[in-house]
Amino acid sequence: MTKKVGLVSAGITRFQRRAKETGKELSYYSAKMALDAAGITRKDVDGVIIGSAPDAFDGVHQKHEYLTDGSGGYNLPTMRGYVGGGTGVFSPIQGWYCIASGVHNIVLITTEEKMSSVLPSTQAAFMTIFDNLIERPLGPNLIWIFALEMRRYMEAHGIPKEHIASVSVKNKENAIDHPSAMLGKKWTLDEVLNSEMLADPVRLLDISPVADGAASFVMMSEEKIKEFGISLDDVAWVDGVGWNVDTTMWTNRDLYYPKYLEKAAHQAYNMAGQKNHSPEVLRKWLSFAEPYDPFNYKELHHLEGLQLFGKGKAPQAAFDGITARDGDFPTCPSGGLLGVGNPIAAAAGMKICEIYWQLTGKAGKRQISGDLTRGLAQAWGDLMQVGTVFIARGGRVE
Amino acid sequence: MLPTKRDQQGVPTTEVWGDFPVTYHYTVGISGEKFFEGLKNQKLVANTCNSCNKTYLPPKLFCEDCFDELTDDSYKEIKASGKLVSFTEVFLDHRGDKLSDPYFLALIQLNGTDTTFFHKLINTNNPTIGGNVTAVWNDTRSGSLFDLNGFQAE
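If you're matching them up, the sequences are chains A and B in order. Count the first sequence with the numbering used here and you get residues 1 to 398, in order. Count the second sequence with the numbering used here and you get residues 1 to 154, in order.
Some hints here could point you the wrong way.
Calculated from the model, a selection of chain B residues having no Cβ within reach of chain A, i.e. all distances over 12 Å [claimed, not checked]: (1) P12; (2) D68; (3) S100; (4) N123; (5) E154.
Computed footprint of chain B on chain A; a stretch qualifies when at least three of its residues, placed anywhere within it, have a C-beta under 8 Å from a C-beta of chain B [stated by the list, open to error]: (6) 124-133; (7) 170-183.
Please keep in mind that the hints were generated in silico from the structure rather than gathered at the bench. For every residue, glycine included, the Cβ atom is placed at its ideal position computed from N, Cα and C.
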């Protein structure tokens, strides 16, 4: 029997192209903000989780050790989980199992990325995640291989680029209301469709910007929530978690559909007691979602993997406004990676913050109207084949 | 090295430059040796899992699904032609600078394999998804990925 676990606070830094703070200083600011918001100190914490993506960005090998002090880990059981871009949603899963298993009672989780240190560019560092012999000689970076995936997805379903571009318009506009955002702005569909070509069919406004930033959250067991007298209005219970990895070779599967995510989603829905995984039922059961959107097509691709829309159905729904913040099923109300920015692990951590703030009515100008019951955050990583899923429900929702 | 003050996108920062002073000699591996030896001899070498019949290109030491070891007799030469699954034309280099000659990269499913193969698409301006492509070999081969110049439409 696992223990009931709740998110009780969140903290975040601004996301910036280049922050003046080091990675550990960014970690400190978000961790401190989360502790303060929970009304506790580091001395109350009995476990620390650090989530951060490739060491090559910060330029410090084993960077979890380097980030430990800023993340609050001094003299505490501390660990880092790492599943590439999926890390920011995997870190709270680790926090959940540390408490659910009874090992810890209060866990501080920090996700961090300092991407501006590496020269000549993050994409040059990304080249080193590919196979040394059969892929690196071709000099691939992530923009290029995602272009291959985007084209495969568009070809498989006959998706018009306008439908995909509408996701950029939505998320960048949502980000206007996020205090951490880099790129909150109202763009027109034409501006997105005609932005600079990077790797056909991917254009500049189809993708999210690299950034420096950190995001943190505090999780507690139900007993500790009671002991600290935390109101259930300030709690979001962990409802379901899932994670999965497909073949290690990104070339060894059909890129049109994220099977790894389907499996992770089934795991999370089943854990939450939701056995019917049809899109209509799931969209009613969840109030909103924060699918991972480093590229605009990925939000749609992921919504299909999450079973929230049928295969090939998400693009039309996005274009029709169903996923707008005031639509029937809001997605990325935060502004997502496309609008808030993409400091890898921290960007997915930002989505966990958004789930918490939305479910506890603390999302400010971004607050979705109406009674919210459940929210889902999801991330994608490693070399295109990891899916991580996290579902939370409101503190008073049974 | 002494700290330098720089202004980057309007953010004044104090920086010290540095690097990871390491290089690597990567092991080619059991299946990799057979693959690259094949390329040197103008052959595409794949291998097939006896349990599930999945054919891998490049070949693997083990089937990732069945987890069976793929032994020496699992390797075979395949015909160097297949179908175009996806492609991209790339316009910028890793620094974000414009390439003087944009070029095509592609995913190709070689006939008789269950995986796709990542390489250049050459001698084309208008690729067709699902179209037949064939390998173009380099006259000088040394056992590297560029023993293949790329693939072109048949």
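What hints, given by number in increasing order, does this structure fail? 1, 7
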